[in-house]
Amino acid sequence: MAAGAASGGSAKSDTYAEARTWLLLPAWAVLGIFILTPVLMMLVYSFLTKEFRGGVIWEFSFAAYDQFFCSRGLFGDEPCAIEWTYINIFWRSIWQAGAATLLSLVIGFPTAYFIATRPEHVRPIWVFLITIPYWVNLLIRTVSMKFMLRDQGPLNDFLISTGLIDSPIHIVNTNFAVQLGLFYSYLPFMVLPIYASVERYNFNLSEAAADLYANKMTTLRRILLPAVKPGVIAGCILVFVPSLGSFLAPDLLGGAKNFMIGSLIEEQFKGNAGNWPFGAAASMILLTMVLIILLIFARQQAKTEKGAG
Amino acid sequence: MARGKYDIKAFPGFLPMTILCLVILYAPLVVVTIYSLNDSNSITNWEGVSFRWYADVFTGPESEKFKVAAWNSFTIAIIAATVSTTIATLAATAMVRGGTFKLRTVSFGLISLPLMVPEIVTAVATLIFFNSIGFTRGYLTILMAHIAFCIPFAYMPISARMQGIEDSYEQAAMDLYATKRQAFTRILLPLMWPGIISGYILAFIISLDDFIITNFVKGAGVETLPTAIFGSVKQGIKPNIMAISTMLLAVSIIMVTISYFVSKSDNTK
Amino acid sequence: MKTLLKTTATAMALALAANAASAEGKLVIYHWFEYIPQELLDKFSEEHGVEVVMDTYDSNEALLASLKAGAIGTYDVAVPGDYMVQIMANQGLLDTIAEGELANKANIAEEWADPSFDPGRQHSIPYQWGSTSFSVNRDVYDGEINTTDILFDPPEELSGKINMLDSQGEVLAMASLHMGIPQCSTDRDQLKALNAMLQDAKGHWASFNSDTAKEVLVSGDAAVGQIYDGFGAKAREEGANLEYAFPQQGYVVWMDNVVLLKDAPNRDNALKFMDFLLKPENIAAVSNYARYGAGVTGVADHLDPALATLPESNPPADAGTGVFIEVCDQETQAVYDTIWTNLKK
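Chains as they are written, first to last, in this note's numbering: chain D, 1 to 309; chain V, 1 to 269; chain C, 1 to 345.
Calculated directly from the structure, the hints in this document are not laboratory data.
Predicted model, so just to flag it, every value in this text is computed and none were measured.
The C-beta atom is built at its ideal place from N, Cα and C for all residues, glycine as well.
There's no promise every hint is true.
[Stated by the list, open to error] Here are the simulated DSSO-like cross-link-like pairs (lysine-lysine), alpha carbons at most 27 angstroms apart as the crow flies:
#1 C:LYS192 - C:LYS26
#2 C:LYS202 - V:LYS65
#3 C:LYS272 - D:LYS257
#4 C:LYS202 - C:LYS26
#5 V:LYS238 - D:LYS257
#6 V:LYS67 - C:LYS345
#7 D:LYS257 - C:LYS202
#8 V:LYS65 - V:LYS238
#9 C:LYS262 - C:LYS272
[Claimed, not checked] What the simulated footprint calls covered on chain D by chain V, stretch by stretch (three residues with Cβ under 8 angstroms from a Cβ of chain V suffice, anywhere in the stretch; the number is not a length):
#10 77 to 83
#11 129 to 136
#12 164 to 178
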């Protein structure tokens, strides 16, 4: 009930219902022309025949999807068996992006909360403190990160000098390095939405709960978290989804020994393979997958809002 | 708000977490700053302190390129962030305050679409698209692509914030004969401010950082900082890139400091 | 908010104004990143009164992808590698240089005048050439290094410390040399053996990195790194105790070439630029900058003397032969693509 009060049953609000078409029109127009049209073109491309070394031939073909799901051996002449290669690549990417999202949440939530509870006039300073590093190019940040984590890098030197460890921890070219890199790439995308939500939170609710002898963790879990859930979800989406398709952190910090979704697709357009329909098909499968996850999110959210309201 | 021992807002462990977060964020940048002062041609060997790479940025053979690239990057980032934040604010108002309507789910999907498509796909598709409508690639094509893919990054914090604002404030204002427009600009927008600023910043840094899409749609002769830097990096990262990065950091810190004092003097008035 | 809008409006106006500048005599070059000295471009502009605009790409395949996505017709010249010249010619992306259109064509060194990838130099002129092999850190390993075993079946000390280029062409060509099989084999047993060999070799490799191929060697993160000769020289000059290997089994040789693109908007200026680059003093400036070889006669006088003794560009007498990366037909290429995917899955 408290959760319902905090989120204000906002889903039901229809204050601007009659203006909504006009409010949405700019977004529809811009995204429709510059994102949806290109994506639809890619959808068409995924069903075309590949032209050798890039490009497409305008003949309908299912070959791209066949390549994704069917394993036909090294020479492509065996009967179709389930192809695990690409499924594994997808699974690995989801796992890495998920771990990076969790890491961002665990560190980003307390940070966002801490910032939102500072006195009002210093909050912008904290917000900027989080985003200043992002003025430096992602590539440079990732390379510097790698430098930090090297076997002979500053981190290991520091840990050894403090006596915490005896020999360097090997971090570069591991999964953990990739997660750390993704975390580093997208942290503000977790912190800022949560901050914007917590900032709005009415702490009288927590006080009321405390007056009713709820302890802090209970208050956090039962009162605060439901109230700032939209911010948390927004943050998770903004970290998880771009992490899925990214390839800079996996390549530089993970050693690129294994394809991630991003590098697999990149290779189809910019690499030796030059298989545009397959790259398009893999993108469409990724898109469908993410779309389903997001819709489940949205539906769940609508449900809790309805139930609470 | 001093509540003595029992501060309802404070959680033990949150401060250390914040500090840890800042350490992780800034440690690599300290490395960048230190190595920008390196006298060596290489970034991995240390050969003493020197400012020659800073001089190189302004007077070296690439200085003109970097100057133009920085100008392009910042103008594009400012315009793209402003336009996309405006579009996202309007869209969020419709999505959160527009009641239930048929196209709501579709609209949500459309808004998050730029997040879901891998950048390289958007890049190739956008290039094909621009070419097929006969649009010459250049500053404008970069700008339009940036506005489009910045929208979800601006939208997410704004809509999250708006969901946390009860519409009773606006209702109360309208009960007191405020028009809808007044309720929006006088009540909702001020309450939305932290969300809008968050969205603006995210859109800004996303635009400032983009390489893949920009590289495909930019056309000949128009560089942004990431495309110019990426070019230099291919031959090995030279300390002048570190110097540029350090100067960008310095500029951002100066801007933040100024805005802090400006806002402070506003408050005291 | 108002100030913000004002700033935005001003920025927009200024940006558009800056964009409007243009000149009549133009040349649009599509080039690799950092591969031509700015001074040389300025010299060309001055000599011919032509405004030079340059755009850059980061791999042969990226160049092809961009041109095929519709960028053809907006550039005058590009600088593809050997096998890419052949591919681009096959795809009809190149214009033919007629007899007599290039005044300095005779300057092309004899051994580069009729290359397999562009017989008779119909579409291209030489730009720079070099090799792709690997460098070994001599502090870590002091045994025999002139063998491809170092990459594919390394000694204990080097296992797990090897960086490969993240490039299908270079890795698979080197692997074929290692096994002594053709680069475009259609023999099923050979292909299966190649696939199996690479799977085993991968266990010895630490990473695939092209962008930081030089850095990992200089910093000591990798003890062996597949690398271009010019990069290998730079890495050594930056202080790492590196030696560039010329394996007995052979190594990869490459040549980048300036090509005349189809539908070049400034075809005349493109030809002027090619003639300009065929003058020994000009192409030597590129060599001195990029540290690779030029394919033009008479450059020796203009070259940095250090280049002549560079161990990376002067193979020992007993070195294997250098080979170009070959262009396979579609069906064969599909198998190699699968092998590469298997390697990185």
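Outcome of the hint check:
1. C:LYS192 - C:LYS26: Given pair LYS192 (chain C), LYS26 (chain C) is violated - Cα atoms ~52 angstroms apart, limit 27 angstroms.
2. C:LYS202 - V:LYS65: 41 angstroms, violated
3. C:LYS272 - D:LYS257: Distance of about 45 angstroms is beyond 27 angstroms: violated.
4. C:LYS202 - C:LYS26: The given pair, whose Cα atoms are some 48 angstroms apart, is violated under the 27 angstroms limit.
5. V:LYS238 - D:LYS257: 26 angstroms, holds
6. V:LYS67 - C:LYS345: With Cα atoms ~42 angstroms apart, LYS67 (chain V) and LYS345 (chain C) exceed 27 angstroms; violated.
7. D:LYS257 - C:LYS202: Holds, at about 8 angstroms.
8. V:LYS65 - V:LYS238: 16 angstroms, holds
9. C:LYS262 - C:LYS272: Judged against 27 angstroms, a Cα distance of about 16 angstroms means the pair holds.
10. 77 to 83: violated (count 0)
11. 129 to 136: holds (count 8)
12. 164 to 178: violated (count 0)
The structure fails hints 1, 2, 3, 4, 6, 10, 12 (numbered hints given earlier, in ascending order).
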